[in-house]
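Model the full structure from these sequences, guided by the hints.
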Amino acid sequence: MSERSKLLAGFGLLVVLVAGGLGYIFTRPTWTDAELVTLKTLWIGSLPPLAPDPSNQYGDDPAAAEFGKALFFDTRFSSNEEVACATCHLPEKGFQDGLPLAQGVGTTNRRTMPIAGTAYSPWMFWDGRKDSQWSQALGPLENPVEHGGSRTFYAHLIDENYRTEYEAIFGELPDLSDRSRFPEAAGPVADESAWAAWEAMSPADRETVNQIFVNMGKAIAAYERQIMPTASRFDIYVQAALEDDTQTMNATLSAEEVEGLRLFIGPANCTRCHNGSLFTDNSFHNTGVPTVESLPEDTGRAQGAQDVLADEFNCLSAYSDAEPNECNELNFMLAEGEELERAFKAPSLRNVTTRAPFMHAGQFTTLQTALNHYNTAPASPAGHNELEPLNLSETQLNAIISFLYTLNSEITAP
Amino acid sequence: MQNKTLKTILTIALTVVITIIAFIVLMPMFGPSFMHTLMAGRMHNGMNGMHGDSAAPSGLDYATERTTDNGTFKVSYTTENAIAINQMHTWVLHVETADGQPVEDATVTVDGGMPQHGHGLPTAPQVTEYLGNGDYLVEGMKFQMGGWWEVKFNISAGDLTDTITFNLTLEG
Ligand SMILES: [Cu+2]
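Protein chains in written order, with my numbering: chain A, 1 to 414; chain B, 415 to 586.
Any given hint might turn out to be false.
Claimed, not checked - Lysine-lysine pairs mimicking DSBU-like chemistry, simulated, CA-CA at most 35 Å apart: (1) A/Lys40 with B/Lys566; (2) A/Lys6 with B/Lys418; (3) B/Lys566 with B/Lys488; (4) A/Lys93 with A/Lys69; (5) A/Lys40 with A/Lys93; (6) A/Lys6 with B/Lys421; (7) A/Lys69 with A/Lys40.
Hints in this document: simulated from the structure, not taken from any laboratory.
The structure is reproduced here in structure tokens:
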């Protein structure tokens, strides 16, 4: 072999090595060990099995879930007989309505929240004013602009339409036929005559009605508990990354989606709030979201924390099945401080691209607007905006949006 | 002769270039996992998950056993090996005097937060029980994101009061 051909052979080998190396880099996105740890925490496979809700002894009773499902879709449970839970929480829209403000018998001041995965959350509503799915479900029933009814009204409906189902789960339904003791409409609601009728009832009769009302909530919660997101393209990708299966990784996410994911867990700081398998810390954050002119002042968690402490149906109440030491989220809840001012719950980002408009009053109509907001981090209308400007480029923001689409998946419900 | 020298120089130069190119090209393949052990340094609580987000300042003391700010007490804490994000958990705080006697009837308050993010703890943890031997049960601890956290205790016993700040870095 001549010197020349040796040199050529060496050069050829070099070219092959460099090309191979470059090819490797461009075909395989590399994640650091730390990034892989983060990816694993976001993976749906890391979601622990759902623990029982100690405050709801019927939470995992299939008969209760079936009864709860019937109630969830029954429009008779409203003042105009047109509104059910499913009116705002539409299964075909990921259990939300796509509207800036929820429309019940009237219009509310907040956007409908999605349900999937909320069984894992210690707090319900944008301000966390409820601490269980069952106590949450009772709120809209007595809200004048949502279902607009009262608890004796609902107790009579159960009596007339669901006696068998109710008694199979909760035992004998008390006799409610005496309308002088159990008026058609009575409850601690905005309607003055219903309020007065409630005040006029004996404490024992009110207790009877409360128990039926609470059981309705516990049945609805037994149904809602099972509404869960399933594995998305992102989850398939992470599983492949954990198994070092480059082929599946490349087949699952595009380069732009991977870049968006890299930004999401890195420089864009998204995982400060949107962390864990459900992409939410279920906690409250002031992100400087603008006010809506036509709506009353909204202090968010600052008010919600006080409301849940005072809630007659909270975890520590007589209607909860939990022991006091099983209510530690409430026992050790942060109840005061500037951070609660205009702080709202971080929703799950699974299926987020299907849930425009965004924020607690639908302030942002597109993901672009929402991400631009996070990118510039303007001062909050009240309290302190937790965010700092990200200064990401248009291309980078678009990559994050592309990535968010990889979180879409079917939602399972019984 | 001259030809051979030229060849040698060329070969050396080429080798250097090859090495540099190969290093640059191959670095991303083995870099992260290779460099991790070198750069991670001391493992605090067995965790180091910072990336992208502002890294914790260097030189923080991650010890779980510390002397309070004015040297009044020796304090240590024990908790879960790997603290999971968003999971409420307990700590046991051990308090002893500077000369090693367990402190029996201290009043302990808990505070903390993320200095780089300007927010406090997401919960209001409390000491709920004295376990004996200078040990105090802290309930309601929770961290809602990865990164550098401070947990501060204010300890009062008799006429003595002192404070201590523990640092920890959580992955996530
Ligand atoms: Cu933080």
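Hint-by-hint comparison with the structure:
1. A/Lys40 with B/Lys566: With a Cα-Cα distance of about 30 Å, the restraint between lysine 40 of chain A and lysine 566 of chain B holds, given a limit of 35 Å.
2. A/Lys6 with B/Lys418: Roughly 14 Å between the alpha carbons, so the hint for lysine 6 of chain A and lysine 418 of chain B holds.
3. B/Lys566 with B/Lys488: holds (14 Å)
4. A/Lys93 with A/Lys69: Cα-Cα ~17 Å, so holds.
5. A/Lys40 with A/Lys93: holds (28 Å)
6. A/Lys6 with B/Lys421: Roughly 12 Å separates the two Cα atoms, so the pair holds.
7. A/Lys69 with A/Lys40: With Cα atoms ~33 Å apart, lysine 69 of chain A and lysine 40 of chain A stay inside 35 Å; holds.
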